[in-house]
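Trainee: Letter by letter, the chains look like this.
Number of protein chains: 2
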Amino acid sequence: MSRPTIHDVARVAGVSLSTVDRVLNGREGVKGATQSRVAEAIRQLGYERNIAAANLSRKRRYRLLFILPGGGNSFMRGLEQEIVAQMDAWEFTVISVTNVPAFDDAALADALRRVDPQETDGVALVATDSAIVRAALAELRGKGIAAVTLVSDLPSSQRQRFVGIDNVQAGRTAASLLGRFCRWRPGRIALVAGSMLVRDHAERRLGFEQVLRSEFPVQEVLPPLEGFDDQEIVGDRLADMLSGTPGVVGIYSLGAGNRGVARAIASLPPERRPSVVVHELTTYSREALLDGSFDAVIHQDRAQEIRVAVELLQALIDGSPIDPDGQRIGVEVYLRDNLP
Amino acid sequence: MSRPTIHDVARVAGVSLSTVDRVLNGREGVKGATQSRVAEAIRQLGYERNIAAANLSRKRRYRLLFILPGGGNSFMRGLEQEIVAQMDAWEFTVISVTNVPAFDDAALADALRRVDPQETDGVALVATDSAIVRAALAELRGKGIAAVTLVSDLPSSQRQRFVGIDNVQAGRTAASLLGRFCRWRPGRIALVAGSMLVRDHAERRLGFEQVLRSEFPVQEVLPPLEGFDDQEIVGDRLADMLSGTPGVVGIYSLGAGNRGVARAIASLPPERRPSVVVHELTTYSREALLDGSFDAVIHQDRAQEIRVAVELLQALIDGSPIDPDGQRIGVEVYLRDNLP
DNA sequence: AATTTTTTGACGTACGTTAGTCAAGAAGTC
DNA sequence: GACTTCTTGACTAACGTACGTCAAAAAATT
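Chains as they are written, first to last, in my numbering: chain G, 1 to 340; chain Z, 341 to 680.
Note that these hints are calculated values from the structure, not bench results.
Pairwise CB distance ranges, derived in the manner of DEER restraints:
1. G:A106 / Z:L357: 49 to 59 Å
2. Z:E572 / G:G78: 39 to 49 Å
3. Z:P441 / G:S74: 42 to 52 Å
4. Z:S342 / G:S74: 26 to 36 Å
5. Z:L364 / G:I51: 18 to 28 Å
The following residues of chain Z were derived to be distant from chain G, with all beta-carbon distances above 10 Å:
6. R453
7. R474
8. G484
9. I657
Keep in mind that this is a model prediction, so the values were computed, not measured.
Just so you know, even glycine gets a beta-carbon here, dropped at the ideal spot from N, CA and C.
Kindly generate the complete structure, drawing on both the sequences and the hints.
Mentor: This is the structure we're talking about:
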């Protein structure tokens, strides 16, 4: 009644344990005919390798490195905390974290080049889009180290996968929400970005405008304000704009600087209060949801991002098959009432 | 550098392997003083038991039973598929599924009473709120079988935990969304329920009315239609109601029967089309989101619910400590644009 | 037929834990 | 002091797999 073991497979296939082991672990020195006998026995018995026992026996250890931008970015600090929190949930896996200056491609490339294949099997990095990073990544992969990008992707590079949300989809979702919030109240929609030079922000804007223009054409989308993810700048520019522009019924802030957005809205009389959608659940955006100054927050699950990154790296290191479903990070929507 | 083992604990505590094992597995015959020496060594070394090795050794098998309402409810069918899909992800765990007629407390109680402690260690059930179910559950627990409720809770019963979303919160979220969708278009809001016999529907209604009444008082909430989670009944009653009631600007369907809702709306001219919020992402609600007849879907992650239920039952059967964070199932919001 | 090469089997040790037996030692009781 | 009971240690087999060594068998090459 219990699960078949390699012993059963060996018996059914009429070969020895060693041979089954050789086939199972892809070691050489087994005739094709014997291999298929074993494969047939496995199929027939429905044998599945006991992973716990396998890991126990091989005492495999995955040594992973996460490279994250440093500085006061609370999303990144949250990611880091998440890594620490999950660390000892991973048996057989040792995770280290390095910080590099934000938006500094040279520093990132440097960090990548310094990774020692002797003590690291896989790397997850928040990518800065640049040629030297691509080059450093290629070099890293040349050393046989697995690599995935996290949160921010680096397309057409040697990175093997990307772990993060679809930012176009995130922008579309924001538009879908904001459009419905303002559907019976035509007016203007303000956009607050960090900088259009950052890939994620550009993608979110794209998605947002796609949906708003086609589905809610009565609304007028204003040209985006650039706030450089700085709450001071965001607050000042947005307050300025709001006082000089009548009929703003909605605001979508697609970068950081949520405190600035909240401040700018606070100065408005209640009847002029626009619907507001921002990104990332943090202490501040949470507070703003609760006191009613924000209507919705688009979020990505940091815990899941870390989990997926680790699992993906493990699979890449082992060369084992990858489940395409398990990798997806969803675009989450939070209102005041479904906060975790 | 590698993780400490019981050998290390024994050495540090100055006792034998056997003694460490006795302490670890709560076997009797160890003096209090020795126990604390071992505990101190464990703390000092940061020892964590290697679960893989432990399970391998004890060859433990958890035999779990899931009791779900039968019938065409696609949410429940989806749950069932999810169980099948995850089945062989669980080593050491055998899962069976039984169906009972929906909303039939006698049948559920019967099924509970028939559970054999000889072949079942734990049960997960979708509860119908009733005294005879409570009695049957108490009897089940008396046989030493662990029990958790799934999706719909049964408070003040012998069930040890509940796995599912906070349904009051789900109702509040629906109101928060629908209220915002209709904010600038005062009118009537229709409620479609399955049956007030199941706790989750009653709770959703409660949360919904709380928020709508207090935050969006201009809207008039109509008395709920009972559709018994049957698309035919839901469709007929809702279509009837809509044709006889002017000014319906929003619909919240808090049970199953999404196809009925979609059908009833389809007959309306576009300008009378209300905003619609329903529960559970299924093939049909998904389609309805895509073609624009539904605006939002409140969802619970079935895969996660199954996972949590299984882990919880395992922990309860073992009497091992339970992580209170890991159990939470979030109230998810889906629009057309963030569908997975 | 003699040889090399390839393929297979037999066997042992290890991974960390569980769980049992048996005996030695400590502590308590009369 | 003789006795019982409690506590502890030493040892062993087992769980299912990995992986190494060595020799035997089979096949391919001269």
